[in-house]
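Undergrad: Given next are the chains, with one letter for each unit.
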Amino acid sequence: MKLMRWLSLLLLGLSLTAQAHVGEPLEMLPMQDGGRIKPFDTFARETLQLVHGKQTFDGKPASEIVFTWLLVPDHWMTAPLIELRHAGLKEALKITSQERYFSAQSLFTNERIPLLVQELNTLHERQEKLNPYFQAVQRLENQLALFQAITKGVALRFVPDPNGDRWKAVSELDGDLRDAFVKMSKGFAESIGDAKNPSDAEPSAEFQQSVKDFMAMARAQAPDKYADMKRIEWEEHLNHFHPFKWAWIVYLTGLVFLFLGTTVKQKWAMPIFWAFLFGGFALHGYGMGLRIYLAGRPPVSNMYETVVWVPWCSVLLGLILERVQKSKLLLVCSATVAVFCLILTDLAPTVLDSSIQPLEPVLRSTFWLSTHVLIITLSYAAFFLAFALGDVILFYYLKDEQRFAHQIMVGVHSIYRAIQVGIVLLAFGIILGGIWADYSWGRFWGWDPKETWALISLLCYVAVLHGRLVGWVKNFQLAAAAVVGFSMVVMSWYGVNFVLGAGLHTYGFGAGGVEYVIGFVALHLLYVAYVSTVRYGRVNSATKR
Amino acid sequence: MRILKGKFSILASIRMAVFIILSMAVIAAVGTITEARFDAEVAQKLVYQSIYMYIVMGLLCVNLIAVMVDRWPWKQHHMGFVLAHIGIITLLFGAWLTQHYGVDGTLAFETGQKRNTVSIKDREILVYSSMDGNNFTGLYQGNDDFLRHPPSEKDPFIIHIGKDDLRIFQYEHFAFRESEISPTDKPWDGAAVRFQLENPNVNMTQWLRREGRFRQAEIDLGPAKVILTSSLPPPSGRNEVVLVETPGHEELDYVIYNKDNSIRKKGQVRQSETVETGWMGMKFRLLRYLPHAMEKVTYVPSPTASPISISAFRFTFQGGEYWLGLDSVVRVFTDSAVYLISYGHRRLELAFPLTLKQFKVGMYQGTDRASSYESLVEVPGRGDVTISMNEPLKHDGYTFYQSSFEKNERGEPVASILSVNKDPGRWIKYIGSMLIVLGSIVLFYFKRVKWVKTPGSKT
Chain A
1 MKLMRWLSLL LLGLSLTAQA HVGEPLEMLP MQDGGRIKPF DTFARETLQL VHGKQTFDGK
61 PASEIVFTWL LVPDHWMTAP LIELRHAGLK EALKITSQER YFSAQSLFTN ERIPLLVQEL
121 NTLHERQEKL NPYFQAVQRL ENQLALFQAI TKGVALRFVP DPNGDRWKAV SELDGDLRDA
181 FVKMSKGFAE SIGDAKNPSD AEPSAEFQQS VKDFMAMARA QAPDKYADMK RIEWEEHLNH
241 FHPFKWAWIV YLTGLVFLFL GTTVKQKWAM PIFWAFLFGG FALHGYGMGL RIYLAGRPPV
301 SNMYETVVWV PWCSVLLGLI LERVQKSKLL LVCSATVAVF CLILTDLAPT VLDSSIQPLE
361 PVLRSTFWLS THVLIITLSY AAFFLAFALG DVILFYYLKD EQRFAHQIMV GVHSIYRAIQ
421 VGIVLLAFGI ILGGIWADYS WGRFWGWDPK ETWALISLLC YVAVLHGRLV GWVKNFQLAA
481 AAVVGFSMVV MSWYGVNFVL GAGLHTYGFG AGGVEYVIGF VALHLLYVAY VSTVRYGRVN
541 SATKR
Chain B
1001 MRILKGKFSI LASIRMAVFI ILSMAVIAAV GTITEARFDA EVAQKLVYQS IYMYIVMGLL
1061 CVNLIAVMVD RWPWKQHHMG FVLAHIGIIT LLFGAWLTQH YGVDGTLAFE TGQKRNTVSI
1121 KDREILVYSS MDGNNFTGLY QGNDDFLRHP PSEKDPFIIH IGKDDLRIFQ YEHFAFRESE
1181 ISPTDKPWDG AAVRFQLENP NVNMTQWLRR EGRFRQAEID LGPAKVILTS SLPPPSGRNE
1241 VVLVETPGHE ELDYVIYNKD NSIRKKGQVR QSETVETGWM GMKFRLLRYL PHAMEKVTYV
1301 PSPTASPISI SAFRFTFQGG EYWLGLDSVV RVFTDSAVYL ISYGHRRLEL AFPLTLKQFK
1361 VGMYQGTDRA SSYESLVEVP GRGDVTISMN EPLKHDGYTF YQSSFEKNER GEPVASILSV
1421 NKDPGRWIKY IGSMLIVLGS IVLFYFKRVK WVKTPGSKT
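If you read the sequences in order, they're chains A and B.
The first sequence begins at 1 in the working numbering and counts up by one.
The second sequence begins at 1001 in the working numbering and counts up by one.
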């Protein structure tokens, strides 16, 4: 019964987030952008994320905001819209203000920007890597260019062209289509204007009809090129539903019940924990399923996708190993990994870009992508799980080795198992990568940084297992190695693309977050050093006695 | 067996294995950092193919074999470990075969071109000489290893050519090319002009120099072509300015051709005079005319790699001092002969030619982002074959992969670059890989059984 009450509360919470607003009819409007057809809502969210650094402005949804750029560009020219945070860039632009948002006008009139853009273009011509300063210049240029392209209507391509691949932009419409678009825009403006309180505004029936009419006319231009509305609806659903946010909330709630069930010994809490764990796992998987359907490829083509996929595998692996090892600790750790990663995707949308981008030609092989990359990332999931377990076991060592002897024993077994699974998967994944590279580039192994770091991770874990054979790596050292070894995985997963930025896996290059990742790794290394020192002191004094 | 065990005890120890594994990891890590700082070639030559790596690999093989001998006679639970270890040795053997007997090169051709030469990574220095400027005889051919053993003033790399030595005394792996044109009084040096093409949209100033007295020099500037020569060539269907020299005269004859091959204008032009071309208000201004000029090329060392940096070395020969960059040629003229020194990638001739019939770049809808690259290639005896990313062509022991392409200044693809590969170690590497995966699965399966019997040692 209690379970039912919780579930109904949860569903209520979900339904409350979906409130009608004026821009809603526009959100489903299909458009062409970034090499695919997407709902206007997705475009608006991606645009506002780039220009403003978040997906809402003043609490208003992206679709409304971005559409009004086109209708009242003058108003938006002076609004504090464009996010600019890089201190060095502000200094170069002679901006002294501590503000974070600036009006487009103040930036368009800034005399220094053309010079910086010229410098940036020189770097592009020389094909040099961009440092964080020039990455910020690049972002600013993209922000201003996109803003301008929208105010002028050239970036909004709502109508397929029967004679070409490129859809027609709003600025290129003529005749009936133009009239229909104007009517739709008017309907939107009036719906906002009619309401006494803007936040209560609702789309008028007339406006809703005008959107439908415009869509019908756009489709009639080239029916075979127009969007598959089912996909558009699913993408809209993904935009509004936030499955990954719900997944981590549900996982986290589950962990609270597990705490009640095991530590506080409340028997009733356990079934609820299981329900939440599976609920979170299902939501997590549902979100990924949606993305796979929309992008038409396995969810491992960029950093964001792997940061979502890897913890899902960790939970899966945790569930499987729990069957064998009978240790709830595995579930705690895997659910924590999932919560951690999914919160990360919420917190760092600029580093972990969630937009669905077209794939580089070389990656357009679903078979290899789904075998090689999926297996490598599965091994990351196993090592991530071992890492989390290692963290907890080290904590037990710090607290009281004797009292937690049983937990330590079971935990170390789980670590050993997870590392074994990881090694087999990683070795297999590296070899598959070699076969793919051999098949499509003609070389099995080329010391490319990504593959080399994967090999380094593998070697380190293999060294740990060999060390265990000769008694160098005992239980404590294995827990410590699981934590330290994961630094190598972090390097091959994140570091190669974001820090080294070299090699053939260029399609995954990104920027940002380096200081946080280094902080994360350093903190764990310090933790291992601290626990080792404390324990070494204890063992020493015990043997002296 | 007893004796062997004793003898192999250090080599066969797991402690040794741990040491080897960690050394490999450290060297590999250094390699990736080297690659990020410089480039892949430096990392390959100085780290991955360094003596340290070979020593570690050698020790690894010895250790793997010794440990297997040590465990003889093998029992059932040894199966995984034996399989995995044999797999590693097989893989390394396959890799060695590839490195020594494999071919890894590139083949670049423009649409319509027929090619059978593959350029491979190894570099070579070639020296030719000629008495008459037409027939050349080869004097020297050799590979360089300057990255590993850079020549210096104290320890130069010397090529003996007749009585005179070619002495290479400086090598820069990353350098930027700079050139300067200056007048000479040597009659065999070709002429040079500096000119300006200008209209409200375009303003270009360029040097154009003839290599010797017999070669025509031309430069394509997009809107127009400029040619410097001694006799008027036929039109080529472009907007062209042709400058014709007459020995001993200070003025040049000029002819301006239209795209339709008609002559727009003719006349004479002197230094610092201007000619109205009549195309889009464009003016042609002759800034300088040097009847005999030489180009002095120098290379400025660069601390790191950049896409436009190139390798170059500096040498003395026949009393002169020269720079020579990768994929270029230096001509040294003396009173009696011409010497040609070239530095470039080694070429390999295939037994059959390939003809590029078409190169296509597929785009994601409504963008200029490539979604696919495809070369339509004619293969002798097989007709037309499409080579695309992830879909290579196998022919006569070689495999051809779509690797990249070249664009012209308008961004249109003009040439396709295939990577060409022959790998005798392929199947050995595959077998090795299979054994490793199989072995580690079996190994961990038995580990699990053992674990249940004797739980891990207590700390």
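Hints were generated in silico from the structure; no laboratory data involved.
Small disclaimer: the values here were computed from a predicted structure and weren't measured.
The C-beta atom is built at its ideal place from N, Cα and C for all residues, glycine as well.
A portion of the hints provided could be inaccurate.
To be verified - Derived list of chain A stretches under chain B, where covered just means 3 residues or more per stretch with a C-beta under 8 Å from a C-beta of chain B:
#1 87–96
#2 430–438
#3 519–525
Claimed, not checked - Subject to a maximum C-alpha distance of 30 Å in a straight line, what follows is the list of computed DSSO-like cross-link-like pairs (lysine-lysine):
#4 186/A / 326/A
#5 1045/B / 168/A
#6 152/A / 54/A
#7 129/A / 1075/B
#8 1114/B / 1283/B
#9 1186/B / 1360/B
#10 1360/B / 1225/B
#11 1394/B / 1360/B
#12 129/A / 1360/B
#13 1360/B / 1422/B
#14 212/A / 152/A
#15 1045/B / 1075/B
#16 1259/B / 1422/B
#17 1114/B / 1296/B
#18 186/A / 152/A
#19 186/A / 245/A
#20 90/A / 168/A
#21 186/A / 212/A
#22 1296/B / 1259/B
#23 168/A / 1283/B
#24 1121/B / 129/A
#25 225/A / 1360/B
#26 1045/B / 129/A
#27 1154/B / 474/A
Undergrad: Does the structure keep residue 1045/B and residue 168/A at a Cα separation of 30 Å or less?
TA: Outside the cut-off at roughly 52 Å; violated.
Undergrad: Check the hint pairing residue 1045/B with residue 1075/B against an upper bound of 30 Å on the C-alpha distance.
TA: Not satisfied, since the Cα-Cα distance of roughly 42 Å exceeds 30 Å.
Undergrad: Hey, residue 129/A versus residue 1075/B, does the alpha-carbon distance stay inside 30 Å?
TA: 55 Å, violated
Undergrad: Counting residues of the region 87–96 of chain A with a beta carbon closer than 8 Å to any beta carbon of chain B, are there 3 or more?
TA: Coverage by chain B is violated for the region 87–96 of chain A (0 residues, Cβ < 8 Å).
Undergrad: Residue 1121/B and residue 129/A: Cα distance at most 30 Å?
TA: Roughly 25 Å between the alpha carbons, so the hint for residue 1121/B and residue 129/A holds.
Undergrad: Between the alpha carbons of residue 212/A and residue 152/A, is the straight-line distance 30 Å or under?
TA: With Cα atoms ~24 Å apart, residue 212/A and residue 152/A stay inside 30 Å; holds.
Undergrad: For the pair we were handed, residue 1045/B and residue 129/A, check the Cα-Cα distance against 30 Å.
TA: 23 Å, holds
Undergrad: With the threshold set at 30 Å, check whether the alpha-carbon distance from residue 186/A to residue 152/A stays at or below it.
TA: Roughly 17 Å between the alpha carbons, so the hint for residue 186/A and residue 152/A holds.
Undergrad: Tell me if the straight-line CA distance from residue 1154/B to residue 474/A falls inside 30 Å.
TA: Distance of about 55 Å is beyond 30 Å: violated.
Undergrad: Need the status of pair residue 186/A, residue 212/A: alpha-carbon distance at most 30 Å?
TA: 14 Å, holds
Undergrad: Report holds or violated for chain B covering the region 519–525 of chain A, Cβ cut-off 8 Å, minimum 3 residues.
TA: violated (count 0)
Undergrad: Does residue 1114/B pair with residue 1283/B here, judged by a C-alpha cut-off of 30 Å?
TA: 39 Å, violated
Hints 1, 3, 4, 5, 7, 8, 9, 15, 16, 17, 19, 20, 22, 23, 27, counting from the list given before, are not met by this structure.
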